[in-house]
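**Student:** Line by line, the protein sequences are chains A and B.
For the first sequence, this note's numbering begins at 1 and goes up steadily by one.
For the second sequence, this note's numbering begins at 1 and goes up steadily by one.
There may be inaccurate statements among the hints.
Stated by the list, open to error - In silico lysine to aspartate or glutamate, EDC-like type, Cα no more than 20 Å apart, as pairs:
{"id": "1", "chain 1": "A", "residue 1": "Lys351", "chain 2": "A", "residue 2": "Glu334"}
{"id": "2", "chain 1": "A", "residue 1": "Lys122", "chain 2": "A", "residue 2": "Asp207"}
{"id": "3", "chain 1": "A", "residue 1": "Lys3", "chain 2": "A", "residue 2": "Glu341"}
{"id": "4", "chain 1": "B", "residue 1": "Lys186", "chain 2": "A", "residue 2": "Asp126"}
{"id": "5", "chain 1": "A", "residue 1": "Lys3", "chain 2": "A", "residue 2": "Glu334"}
{"id": "6", "chain 1": "A", "residue 1": "Lys199", "chain 2": "A", "residue 2": "Glu212"}
{"id": "7", "chain 1": "B", "residue 1": "Lys99", "chain 2": "A", "residue 2": "Glu208"}
{"id": "8", "chain 1": "A", "residue 1": "Lys351", "chain 2": "A", "residue 2": "Glu341"}
{"id": "9", "chain 1": "B", "residue 1": "Lys131", "chain 2": "B", "residue 2": "Glu226"}
{"id": "10", "chain 1": "B", "residue 1": "Lys292", "chain 2": "A", "residue 2": "Asp126"}
{"id": "11", "chain 1": "B", "residue 1": "Lys250", "chain 2": "A", "residue 2": "Asp126"}
{"id": "12", "chain 1": "A", "residue 1": "Lys122", "chain 2": "A", "residue 2": "Glu208"}
The hints are simulated quantities; they were obtained by calculation from the structure and are not laboratory data.
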Amino acid sequence: MQKYSLNVLMAALAVVLLVLAQFHIIDNYIQAVIMYVGINIMMSTSLNLVNGNMGEFTCGHAAYMCVGAYVSSILSVMFFGTKLGDPMFPASMAFILFPVIVLIGGMVAALSSILVALPSFKTRDDYLAIITIAVNYMVISAIENMDFIGGSRGFQGMKDTVWAMRDTFDGPWMLLWVILFTAFTIWVIRRFITSTYGKGVNAICQDEVAAEIMSVNTNKIKIVNFMISAGLAGCAGGLFAHIVGYVNPQSFNILKSTEAMVMVYLGGMGSLSGAIISAVVFTGLMEVLRSQAIMDFLLAPATFVFPDWEPSAGVIKWVMIPLMLVLIMQFRSEGILGNKELSDVFPKLKKYYTFK
Amino acid sequence: MDFIIQNILNALQWGSFYALIALGYTLVYGVLRLINFAHGDIFMVGAYIAFFVSGFLLGDTLGLSPLVTFMCAVPLTMVLTACVGVTLERIAYRPLRRKGAHRLYVVITALMCGLILEYSNLAVLGASRLKFPELVEKAVWNIGGVTITNLKVIVIVAAVVVFLFLNFIVTKTKIGMAMRGISYDKFPIPLMGIPIDNIIVFTFVLGSGFAGLAGLLFAMSYPILEPFMGMLIGWKAFIAAVVGGIGDIKGAFVGGFLLGFIEVGVVAMPFLESTYRDLFAFTILLVILWIKPTGLFGMPQSTKI
Chain A
1 MQKYSLNVLM
11 AALAVVLLVL
21 AQFHIIDNYI
31 QAVIMYVGIN
41 IMMSTSLNLV
51 NGNMGEFTCG
61 HAAYMCVGAY
71 VSSILSVMFF
81 GTKLGDPMFP
91 ASMAFILFPV
101 IVLIGGMVAA
111 LSSILVALPS
121 FKTRDDYLAI
131 ITIAVNYMVI
141 SAIENMDFIG
151 GSRGFQGMKD
161 TVWAMRDTFD
171 GPWMLLWVIL
181 FTAFTIWVIR
191 RFITSTYGKG
201 VNAICQDEVA
211 AEIMSVNTNK
221 IKIVNFMISA
231 GLAGCAGGLF
241 AHIVGYVNPQ
251 SFNILKSTEA
261 MVMVYLGGMG
271 SLSGAIISAV
281 VFTGLMEVLR
291 SQAIMDFLLA
301 PATFVFPDWE
311 PSAGVIKWVM
321 IPLMLVLIMQ
331 FRSEGILGNK
341 ELSDVFPKLK
351 KYYTFK
Chain B
1 MDFIIQNILN
11 ALQWGSFYAL
21 IALGYTLVYG
31 VLRLINFAHG
41 DIFMVGAYIA
51 FFVSGFLLGD
61 TLGLSPLVTF
71 MCAVPLTMVL
81 TACVGVTLER
91 IAYRPLRRKG
101 AHRLYVVITA
111 LMCGLILEYS
121 NLAVLGASRL
131 KFPELVEKAV
141 WNIGGVTITN
151 LKVIVIVAAV
161 VVFLFLNFIV
171 TKTKIGMAMR
181 GISYDKFPIP
191 LMGIPIDNII
201 VFTFVLGSGF
211 AGLAGLLFAM
221 SYPILEPFMG
231 MLIGWKAFIA
241 AVVGGIGDIK
251 GAFVGGFLLG
261 FIEVGVVAMP
271 FLESTYRDLF
281 AFTILLVILW
291 IKPTGLFGMP
301 QSTKI
């Protein structure tokens, strides 16, 4: 019973969400927020795999998201859109081919992560940070120079696929796929870090040289780890592109990578449940702070002293979130859960669920 | 031939900015083993401080002439920017260091401080761009088809002088010896009677001060100020410092100029579009790091078990 309790609970939650969305009880905005939560969970847990579990410091995670988003958008437009010639497949196949499109995007992103994985054999922490930043800039710059996919103007037309799915059955398809892929991500990561390979990942985090001596094949594990992490981020990117219906290389810049890093460090390094919780909290916070009314209320003392000052919520948000993180680093630098899983912090929860 | 020399001069000027900022990165990294990601934004703050300082000096209350303003603005900007850098160190980094937090947390804090500086600037001053006043009267010398402006000369000379000065401080003075000592091993340093906090503050003063100088010179060369001007140039200067081997003064200097030459070279190539600048610069850097994982002048750190 306790083996399945969490799965059943999550499945029930997903069904409830889908039913609510199907009968328009929750509006499109809430649906969008839920989908962003899912995507952020994918981003933070997959970055956590490298930054937390393996202890390497990468700060260009948005690059893989960018690759995944672009590859899957191009495929999706080629398959079902009219922007790059006639559609290759009938619209009725959209709901079968959509996960394939997203997975291919993820695979290409995984292959692109070899650019980072190969230098990481010799390169240690700070230098690896540079390589990841450089890769992030390289990906953005390369896409900006590809004119056939819009260059810096961005690329659109992915909504055709979503509409094609709607033609088959009128329902919240994107919500369904985001939920499925989020579950898939968490499942893959959980299975990976509890496997023999995952033990190797933790060994690299503890001490790479010692792990090497204890016959851990560090190079192989590093490549696999980087590829899984990048592939999942690529899937997140593909989903993101289809939700928004428009991708622009600049929306995957360092700021996006910073967002993913904030989520990882907010949740606690190497903690899967921490990464999930922090993704939910962070996305919620982003949405709450988006509102001008709440921001005006928060800044009431300051605007009272300086009546001419009219800050916009979109700007102040990006002062408050980093400030919050700085404060977290000062007073609880290990993050919300800090290196522990939820069941380690609350041992009584173990009675009700096991998570394997 | 003129074309090549002209572009070499442009590259020298562009590389000087990278070198000036990279020197600050490298100083802080060399002493603290901390990537001060906020450094690019301190450069931005330096440019803004230079704007307000020169606006104040040129304004109605003092009404100094542009040249005198320039003379006064250089030290004032450097001092005020150094204050910003030291404040950052006091508020954000020192408590973490006292607690003995993991290096990564300090790096994240630095990254966040950079974001705070950028966006609070945007919130306070608004999105409108500022125009920097012209302080040095522009003199253009034309030597055999190559045009040299006096500003270009000032920038290049400033970078070289700062490099020589820092090199002198680090290798020849007692305080430099203390810095190298901290860099080598932090724990026995207080036992030798060296005030570790003062040395670190001094490092931040030097680094931020020269970032302020770079900001002033940059604002004079490209007189449009915006809150995100420090972002890309900061990342690139950081990469320059790494390519040179971070923690090494000479490496930062060479790396800055190398990056400048690569970028201007890509832009100047007749068969390449200038939009490929970032792509080429970063690819070359990746290749360099691939071949020499610790940068051009960096020493590989030995790992003990």
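**Student:** So, against the hints stated earlier in the document, which numbers end up violated here?
**Tutor:** Structure breaks hints 1, 5, 7.
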